[in-house]
Amino acid sequence: MKMKPKSILAFLALVLALLLAAGAVMSQEDVKSVNDPAFTSPTRPAPIFFHDAHNAKAGLDDCSVCHHVYEGGKKAEGASSEGQACSECHMKGKSTRPLIKAYHGMCRGCHEERKAGPVQCGECHSKRGPEALEGRGK
Amino acid sequence: MHTLYYLAAGPFAIAAFVLLAGGSLFRLVRMGLLARKKDPAVFDYMSARYGFRSLFHWLVPFGSRGMRLHPALTIASFLFHVCAIVAPVFLYAHVLLIDESWNIAWVHIPDGAADAMSLVVIAACVFFLVRRMKSPEVSYLSTWRDYAVLALVAAPFVTGLWSFHQFPGFRYAGIIHMLSGELLLASIPFTRLSHMIFFPITRAYMGSEFGAVRNARDW
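First to last, the sequence lines map onto chains A and B.
Heads up, the first sequence is in the working numbering, so the first residue is 1 and it goes up one at a time.
Heads up, the second sequence is in the working numbering, so the first residue is 1001 and it goes up one at a time.
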């Protein structure tokens, strides 16, 4: 059976779409801020965070540095928690305070340790939004 | 920048709190020893009833004759003191930072309220500055230290607003905010700001002297 040019085109388009979708899932290139839905009424703008650019600059290959798993109060080596919401572990009831503390500890804590990256409130919680800063500081 | 931040957020902050607590204790003990030497009668005449009566009149707006004679100063002064204490102590960002460092937390006020209160503090400082320069009886008694204290108090509020609103150069404003706040805390026991620790004592002293000894009012 001979395929019609139209169906070949449709097939190719489908393959391309699947590849793009997979690329989008695999890569975090589109992550520009830490916009956690657990914060239903945020008081500050979502922190600007270009996932891939950040990790390239910080030399982070191991996902579990940030996406950690704790078991019995100890960090579980080799386990990581991508795809899991931080709020699953870091919320106690409805209070977002532990979640805020976890984020601040993870981001600012590491920046303080390495003496690199933003440490002051307005440096991450920028009122200008990620678009204004895209391409800068990568 | 990171080194400055590290110093301001770590050792300088600890030093400021230690100087505030230690310095206050030192000044109180020294004042007590001085009173025992020069004016030992104070300890006998100190009266809780007259002391608290005087304190009450001086803590209520327009509760003393001096306040009624100077309404503008009274309003500016009360607003200033309430805002200068409430805004920094109950600011959400400050409460969070202390919670993150020491696991101690207390209630906080909305950012908008802290914003307005900071503006009130700055406006009051401007009022105090103009008064100090223009009013002959005040300017006669003023030295550079009085102006310096005024600047010291205003600095953390100006830089705090600057940092919060992310005006240009806010990273530097943030560092200056931390450093000036620490300098302010550390200087409380050693400048005229020591009225924070001595006010209740001097007021109670005057109240006791006027109430118990002279049978008169001191407000």
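Please keep in mind that the hints were generated in silico from the structure rather than gathered at the bench.
Note that CB positions come from ideal geometry on N, CA and C, so glycine has one too.
Wrong hints could be hidden among the right ones.
Listed below are several chain B residues computed to face chain A (Cβ distance under 7 angstroms; list not exhaustive) [unchecked claim]:
1) His-1002
2) Tyr-1005
3) Ala-1093
4) Asp-1115
5) Gln-1166
6) Phe-1170
7) Gly-1174
Listed next, the stretches of chain A that the computed footprint assigns to chain B, with coverage defined by at least 3 CB atoms under 8 angstroms from CB atoms of chain B [as the list claims (entries may be wrong)]:
8) 93-101
9) 115-126
* To do: Could you check the structure against the hints above and give me the numbers of any it violates, in ascending order?
  => Number 4 only.
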